[in-house]
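Residue numbers (the working numbering), protein chains in the order written: chain E, 1 to 334; chain R, 1 to 251.
No lab work stands behind these hints: they were computed from the structure. Be careful, since some hints might not be right.
To be verified - Now the in silico label distances, taken between C-beta atoms and shown as ranges:
1) Asn172(R) - Glu64(E): 58 to 66 Å
2) Leu82(R) - Gly83(E): 54 to 62 Å
3) Val234(R) - Asp275(E): 23 to 31 Å
4) Met82(E) - Ile241(R): 25 to 33 Å
5) Leu238(R) - Gly102(E): 28 to 36 Å
6) Leu37(R) - Thr175(E): 40 to 48 Å
7) Gly116(R) - Ala302(E): 40 to 48 Å
8) Arg46(R) - Pro72(E): 37 to 45 Å
9) Leu161(R) - Pro72(E): 49 to 57 Å
Computed from a predicted structure; not experimentally measured. For glycine and all other residues, C-beta sits at the position ideal for the given N, C-alpha and C.
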Amino acid sequence: MNIKNNVTVALFMLIMLFPAFSGCGKKHEEVTKVSYRLKWLFNASVAGDIYADANGYFKKEGLEVEVKEGGPERDAIKELEMGHAQFGVASADQVIRAVSKGSPVVVLAQLFQANPLQWIYRPDENKIERPEDMKGKVVGITFGGNDETIMRALLAKYGIKENEVNFFSVRYDYTPFYERKVALWPVYRNAQGIIIGDKLKKAGESAAFFDPDTSGIRFVANSVITTEIMIKEHPETVKKFISALLKAWNEALKPDNSDKTVETIQKFDKDTSPDVIRRQLDITRQFMKPSEKTVFGAIDVAAWKQTESIMLEQKLIPAPVDIEKRLKMEYNRQ
Amino acid sequence: MLHKRLYQFVLVYFIGLAFLFTVKEVFNLSDYVIPGLPDIYGTVRRVFTRYLLDVLNTLSVAIVGHILSIALATVVGIIGRLSNWMGSLIRTAAFNVQAYPIVAVAPMIFILLGDGLSSRLLIAAMICYFPLLLSFIGILSEPVTDIEHFYVHSGRMRWQLEVKIRAFENMNKLITVVAGSATLAMVGTIVSEFIGASAGIGYSIRIALYQSDLSKILVALFLIGIFTSLYLAVLELLGNIVSRSWGEKEA
């Protein structure tokens, strides 16, 4: 390779690497334009996030926030590290896995105080009042999903051997449940739970939900996250963002504000009827703010520790991660 | 031929891996985003045998699906080469149906046939069938005037002879199309497993994605690449044998 070629290659490398190192040595200024990657599609589960955006809560704090819809293949933690987003929503198992692999992710607020993942069943045909009642039943789980982790933790806690329950691999299609091939099917109680319950009701059947939380399995669901670097370099932005977000969530969940919240969600989730959204919102409220006294966004450290120990027992992480060090309690005290 | 395909794949794979490691270093990313070498090595030790069996499972379905597609495309291609209304209908249907994305059709297949072997086979066959069919129709409906006119004028032309002449004259094209569609059969099987089945490497990739485990996906990609290269090499070998034996017959 001649000198001219070498110079061309060196220049090319310099141009490619410039964005990565362009921040070196600079004093970090607060940013006003940030991206917020949600965990799931726009629906009642993200009521406060879209409420904040639509009703100018971020603007009042001087922030321009792009609220990005999530989805099954989206991972907010990866986007934070890549710089595609500055804030995001992730489930506790995602956070713990990421921390165990060296990710600088931190938790700012816990959205759900109880995990909305439950199992729907027909109470007329199956009486499931305690975990032991699942023995001999066909139970749907998403292999690799957190419903598998929760179910295995539940079985282990109650000394139920895995061969005493028949697992069925669950996908998007509910037909095996409708056809009674599967007795218990995992659903998000505040989302699909209502829609499937309605379908059963239409067919003259009743629906009930088995909640692992009531049997002592505390597996944390979605939380608001950012990175340690973001807190260190842009502390004011983080404070403003979380303050606006929590205010918006509190307003969105107020029963008196239901009409406004439903209207806001409807603008983003056009496929769901206002009646269903209203019922989804009512149940979401129970999981996020179970009582008037509940501080929205409060981080339940004990539940996080239990989530970590469940993952450790199931060898989903190789060693303890001391997750409590990543829980930033100072941002969610209101 | 075999070793050439394999080392070409291994070279491309490791260039890709090197690119990922460069990005990881430049942007200081954690193992959660891009795994490091120790993480990948640990994953290889844990899942290699299981993933190997999964890939073999997927490959076997892909091969059966591929054979079915070739057989069906040959039959339909022979009918579709005709210039009558039946041929026209088949050509139009083939063009239209292949425009549907398989991810939209697959859920219906899984609802109707369940998440077993038949759904995987059908989706694999569908993905590689339509490109094969269009190529077969194109090749078989193109007259080889130099040879055909003799049989036409002497009144000895039959449809079997016409197909034979056109296939023989375009043997290299046919072999290329068949070998090329092998990759599609493999992709089709993996897509079907990813969407709805409960076995095969596509299913394992889906679980790995649920667990945000890129190491597992890298191991899966390596094995998929190796076995797809092997299958392609075997097909090319078979193609050479067929070409040679047809050439000898003609001589």
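Checklist entry - Of the numbered hints stated previously, which ones are contradicted by the structure, given in increasing order? => result 3, 4, 5, 8
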